[in-house]
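Can you build the whole structure from these sequences, using the hints too?
Just so you know, the protein sequences line up as chains A and B, in that order.
Residues in the first sequence are numbered consecutively from -6, following the numbering used here.
Residues in the second sequence are numbered consecutively from 2, following the numbering used here.
No lab work stands behind these hints, which were simulated from the structure alone.
Remember, predicted model here, so these are calculated numbers, not experimental data.
Where a beta carbon is used, it is the ideal one built from N, C-alpha and C, also for glycine.
The hints are all genuine.
Derived pair list, reagent style DSS-like, types lysine-lysine, alpha-carbon separation capped at 25 Å:
hint, chain 1, residue 1, chain 2, residue 2
1, B, Lys700, B, Lys597
2, B, Lys378, B, Lys300
3, A, Lys31, B, Lys492
4, B, Lys300, B, Lys371
5, B, Lys457, B, Lys371
6, A, Lys31, B, Lys238
Some, not all, of what chain A presents toward chain B, calculated at C-beta under 8 Å:
hint, residue
7, Tyr7
8, Leu8
9, Phe15
10, Phe18
11, Phe19
12, Leu26
13, Arg28
14, Met29
15, His33
16, Ile34
17, Met37
18, Asn39
19, Pro41
20, Asp44
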Amino acid sequence: MFKQITELSGNEWYLIVSLWIFLLFFIGVGIFLFRMRKDHIQYMKNRPMDDGEGHDEPFSI
Amino acid sequence: MQLTTFNYDNKIVRDFAIATIVWGIVGMSVGLLVAVQLIWPFMNFDLQYTTFGRIRPLHTNAVIFAFVGNAIFMGVYYSLQRLLKARMYSDVLSRIHFWGWQLIILAAALTLPLGLTTSHEYAELEWPIDVGLTIIWVVFGINMFGTIIKRRERHMYVAIWFYIATFVTVAVLHIVNSVQLPVSMWKSYYLYAGVQDALVQWWYGHNAVAFFLTTPYLGMMYYFLPKMANRPVYSYKLSILHFWSLIFIYIWAGPHHLLYTALPEWVQSLGVVFSIMLIAPSWGGMINGLLTLRGAWDKVRTDPTLKFMVVALTAYGMATFEGPMLSLKQVNAIAHFTDWIVAHVHVGALGWNGFMTFGILYWLVPRIYKTELYSKKLASVHFWIGTLGILFYAIPMYWAAVVQGLMWKEFTPEGVLKYPNFLATTLQIIPMHMLRAIGGTLYLAGALLMTYNLVKTMRQGRLLANEPAQAPELAPVVVNERAVHRRLERKPALFMVLALITILIGGMVQMMPTFMISSNVPTISSVLPYTALELQGRDLYIREGCVNCHSQTVRPFRSETARYGDYSMAGEYVYDHPFLWGSKRTGPDLHRIGGKYPNKWHFDHMLDPTITSPGSIMPAYPWLSEQLLDTTTTKAKLNAMRLLGVPYSDDEVNTGNLRLWQQAEAIAADLQEQGVAVRPDHEIVALIAYLQRLGTDIKNTGASASQSATNQ
Chain A
-6 MFKQITELSG NEWYLIVSLW IFLLFFIGVG IFLFRMRKDH IQYMKNRPMD
44 DGEGHDEPFS I
Chain B
2 MQLTTFNYDN KIVRDFAIAT IVWGIVGMSV GLLVAVQLIW PFMNFDLQYT
52 TFGRIRPLHT NAVIFAFVGN AIFMGVYYSL QRLLKARMYS DVLSRIHFWG
102 WQLIILAAAL TLPLGLTTSH EYAELEWPID VGLTIIWVVF GINMFGTIIK
152 RRERHMYVAI WFYIATFVTV AVLHIVNSVQ LPVSMWKSYY LYAGVQDALV
202 QWWYGHNAVA FFLTTPYLGM MYYFLPKMAN RPVYSYKLSI LHFWSLIFIY
252 IWAGPHHLLY TALPEWVQSL GVVFSIMLIA PSWGGMINGL LTLRGAWDKV
302 RTDPTLKFMV VALTAYGMAT FEGPMLSLKQ VNAIAHFTDW IVAHVHVGAL
352 GWNGFMTFGI LYWLVPRIYK TELYSKKLAS VHFWIGTLGI LFYAIPMYWA
402 AVVQGLMWKE FTPEGVLKYP NFLATTLQII PMHMLRAIGG TLYLAGALLM
452 TYNLVKTMRQ GRLLANEPAQ APELAPVVVN ERAVHRRLER KPALFMVLAL
502 ITILIGGMVQ MMPTFMISSN VPTISSVLPY TALELQGRDL YIREGCVNCH
552 SQTVRPFRSE TARYGDYSMA GEYVYDHPFL WGSKRTGPDL HRIGGKYPNK
602 WHFDHMLDPT ITSPGSIMPA YPWLSEQLLD TTTTKAKLNA MRLLGVPYSD
652 DEVNTGNLRL WQQAEAIAAD LQEQGVAVRP DHEIVALIAY LQRLGTDIKN
702 TGASASQSAT NQ
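Take a look at the structure:
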């Protein structure tokens, strides 16, 4: 598999640049995640449970 | 904070649910018919309108855009309103969206059997329908963003991010892949040709899977699974990571559909690397879904909706593991063009999309009808029949793929192909195709059972068309939120722009050099444009959907060059608007078919394939020998091609039909000598002209050896 990455007759830089773009993107998302507050995450997690129906009793089938 | 009262629109949800069920049955039934035709080709009832090449796209379009499409809108319209605590922005737009979408499906159901197709897989619809689709998609977008704007919930839940990414990416994919030059009301040519067209098509094709069959379903999973299990999603942080990495990586992976072709090597490698990386976000989503059920597995035993969701997630995990594995060149060399790909997509379609749709329907219909499900037991029976159906479908297809893939590559100790006759490898896997049809029948039977169950459920309840709800209006933001993503979750426009940039990066990096740097597509001087007759023949090839079973790209393997001839080069396709490389070899590759057999062989073969190939499962095309060739379009077609860059001279365009008749008469005279009485104005003559031209240009030069190093 590594041959597919390293033997590109001079076009390796397309791949290297692409991977760098992804790495930077991934780090950016990681920073997003670390800066999030726990109470906000807890609130957002529970969003589907509170849909404003006013009578959100569980229907069983 | 004062509460305001409003209503959720359940009627639109119900309408999309019914459309999902109806089109699902239609799409699956057509799928079963095409599966049976691969065993008994006469099951087209000798009609051109029901022949495999024409109705296989009908099956894929019906399942993807009609069944899955309506299911997406059902899920989005239900969950979006509740997550935003707002009724849909406009009831009128909701109705236009619903009826417009059904009209597009109907147009597809009428035009595809008529042979009106662009030939791009999953984008076969001709340009007027493409325009209609664009308008309806915009209507959906306005309705969705209008609802987001008037929301009563400040932050957008993860499901809504997936819906936004779906909307924006599908719009980009559809527009870029639909740049066509109309020749007439129902005929157009793609702007791109050959290698570039292939790259655009599979960038579209792969990401149609990503952003039509995957991201909206992930959004629905993040809403409906917690609702069904009555517990929040396992990890919200993981969902953020899942979302951004998935939409970023997915867009790069398209070239894995074109490994070992004339596509530049570096693009192929990019496709492979990003396909492997795709496992991480895909499995992140699956794990997040399955772990949401932690502590609720006892419910899975008794609740059919959860059973469907668990199998859906498992199928998603399997398909998203298998996809990257198939992208490895070593695996791809054997699996590509075989039934493995068919099995792979059906694990996704039947397991992931189908089962999640069924689970949501069973959960949602009783709720909007304010009743209980008619029969939980029938739902369980459906689950087991459907699961068996998937197994009966997939396992024989994997088996068939390995058997046929290896047979194609097997040599005798003397160094010649062990199975030089392609048909021998096809006949070997007919029993597996029979088992596949049984699997399809089981799956369809399950869907029919569900239909009965849901109709009874609807009858015993009553639709609550306007469901009352309460929520406080949004207060203005007074505190600036420090966390970047938290701020982003309340800014839909910015969110859409960022998602757009994210999905554009991959496509741009791959496409711009391929389009702008000429060394990526080296030309071959001996490759000339098609003659007028060959061009007409090519359009018949497209009309009959030959590309559904025959590829036109010989890969650089000994097993392929020994079977077909020289491997294909980028420069050979520069006048191919559109490219016709195909993605499945139910029959042999045709790129080097030109000059391989006499004209009479082709005439007999098209009239009845069993004359030349006893036991063949190819359908007969007798109408080609009966129907007259439409030459009124010749000039318009040549002009259109010239506008797209094909170097036809004024003389060639103006005397197009004259030249066409000269060539047709020569072929008819040759057939006459062989004892076949056919007039030159019949369609079969044009098709023969095209087939005899295929792959012959490089035989006129020594270019093949010198170009190969640059190309491959």
